[in-house]
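Student: Here are the chains, one letter per residue:
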Amino acid sequence: MNIVDAFIIIGVAALIHASFQLGVSMLTLLSSHTIGKNRSHAKLLRLIGSYLIGAGVMTTLLLSTTSLVLLNILDAAQIPLLTWAVACGLLMGLGVAMWAFYYRKEQGTTLWLPRSLATYLAERTKATHLSGEAFGLGLTGVIAELLFIIGPLLISALVLVQLPPAWQLAGVGFYTVVSLLSLLIVASLIGSGHKISQIQKWREHNKRFLQFIGGGGLMILGLYVYVEKVVTALTASGIQ
Amino acid sequence: MADTLIDIVKREGRRPSEQFQRDKLHASIYAACLSVRAHEGEAKKIADTITDLVIAWCNTKPEVTSGDLRRVAARHLHSYHPDAAYLYEQHKLVF
Numbered sequence: 014m015n016i017v018d019a020f021i022i023i024g025v026a027a028l029i030h031a032s033f034q035l036g037v038s039m040l041t042l043l044s045s046h047t048i049g050k051n052r053s054h055a056k057l058l059r060l061i062g063s064y065l066i067g068a069g070v071m072t073t074l075l076l077s078t079t080s081l082v083l084l085n086i087l088d089a090a091q092i093p094l095l096t097w098a099v100a101c102g103l104l105m106g107l108g109v110a111m112w113a114f115y116y117r118k119e120q121g122t123t124l125w126l127p128r129s130l131a132t133y134l135a136e137r138t139k140a141t142h143l144s145g146e147a148f149g150l151g152l153t154g155v156i157a158e159l160l161f162i163i164g165p166l167l168i169s170a171l172v173l174v175q176l177p178p179a180w181q182l183a184g185v186g187f188y189t190v191v192s193l194l195s196l197l198i199v200a201s202l203i204g205s206g207h208k209i210s211q212i213q214k215w216r217e218h219n220k221r222f223l224q225f226i227g228g229g230g231l232m233i234l235g236l237y238v239y240v241e242k243v244v245t246a247l248t249a250s251g252i253q
Numbered sequence: 033m034a035d036t037l038i039d040i041v042k043r044e045g046r047r048p049s050e051q052f053q054r055d056k057l058h059a060s061i062y063a064a065c066l067s068v069r070a071h072e073g074e075a076k077k078i079a080d081t082i083t084d085l086v087i088a089w090c091n092t093k094p095e096v097t098s099g100d101l102r103r104v105a106a107r108h109l110h111s112y113h114p115d116a117a118y119l120y121e122q123h124k125l126v127f
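Line by line, the protein sequences are chains A and B.
Heads up, the working numbering is the position in the first sequence plus 13, with the first residue counted as 1.
Heads up, the working numbering is the position in the second sequence plus 32, with the first residue counted as 1.
Isolated chain A, as found in the complex (with noise of 0.2 Å):
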């Protein structure tokens, strides 16, 4: 795989990484916490920035131990058939949950989480008033929605294990800017002065088409990627 190809598919994993709304419901209800208790512009500012750090720092760790573990249990010069199978095979199943039950039933983004989950991060992100605070959800807003990031952070370990050092790092740095987007988009929103409820208003009157494209970039990234991978490697051993 050329390393065009392979940014191809990660900058694809990580813009349906960014499609995901745990994160973005997070900085919405922080901002919405912060402006409503009256705290200052500079201040929700240094909190959006230290949430944005944190989410970054975690994507940037996670997809760097996912492709630390591959490194050490797969030879990355060549990586059996079966582990491309199993993580397109993860990707489409991750696609069709996401058309199944990302968003719930209700009015408003309610999201899959469990209900006992989605207290906790809400009582956490209003307590939130210092930038350490604001890191540590960072943090955990991508943990949590861990389940549906595992998809897209696998297959981007499984192209940048088999790519050149230098362009490891530099892969593992793109996939972190593309996937963080939509927060930064929001965060300068929020930071210019856009009101909270217009940018609630538009998430949740496009809640699913944002379902829809999430989940069906999950599926066509893993028929491509099986395709690419899986279906090319046979059909040239076939020919052979």
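Since the hints were derived computationally from the structure, they do not count as laboratory data.
Do not take every clue at face value.
Claimed, not checked - Partial pick of chain B residues on the chain A-facing surface, computed with a CB cut under 8 Å:
hint, residue
1, ALA64
2, ASP115
3, LEU119
4, LEU125
We put the CB at the ideal spot given by N, CA and C, even for glycine.
Given the structure of chain A, go ahead and fit chain B onto it with the hints provided.
Tutor: Using the frame of chain A, we list chain B on its own:
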């Protein structure tokens, strides 16, 4: 500060009831208004008005739940500041 002698049933009775607190309701409406970038004076005025309306409504009921309070406050808030009302209603529906 408990201004009226009304017991609020919390979470359909799953948590102990507590006495109605005007300040608590006022603070939540005030925060919702500030969250949608309303000015402090406007937010305070709206919160005062809505709180009085909710108290008047409560005085006609034998029993009130925390959900009732939120619904009635949101309904009144809608006519004063629709954006704040939306955010107030969304409180538990963000994730």
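Student: For the hint on LEU125(B), just tell me whether its beta-carbon gets within less than 8 Å of chain A.
Tutor: holds, 2 Å
Student: Quick one, is the LEU119(B) hint okay against chain A at 8 Å, beta carbons?
Tutor: Holds - the Cβ of LEU119(B) comes within 8 Å of chain A, reaching about 5 Å at its closest.
Student: Can ASP115(B) be said to touch chain A, with a Cβ gap under 8 Å?
Tutor: Interface hint status for ASP115(B): holds (4 Å vs cutoff 8 Å).
Student: Given a cut of 8 Å on the nearest C-beta pair, is the interface hint for ALA64(B) held or broken against chain A?
Tutor: With a closest approach of 7 Å, the ALA64(B) hint holds.
The earlier numbered hints are all upheld by this structure, with none contradicted.
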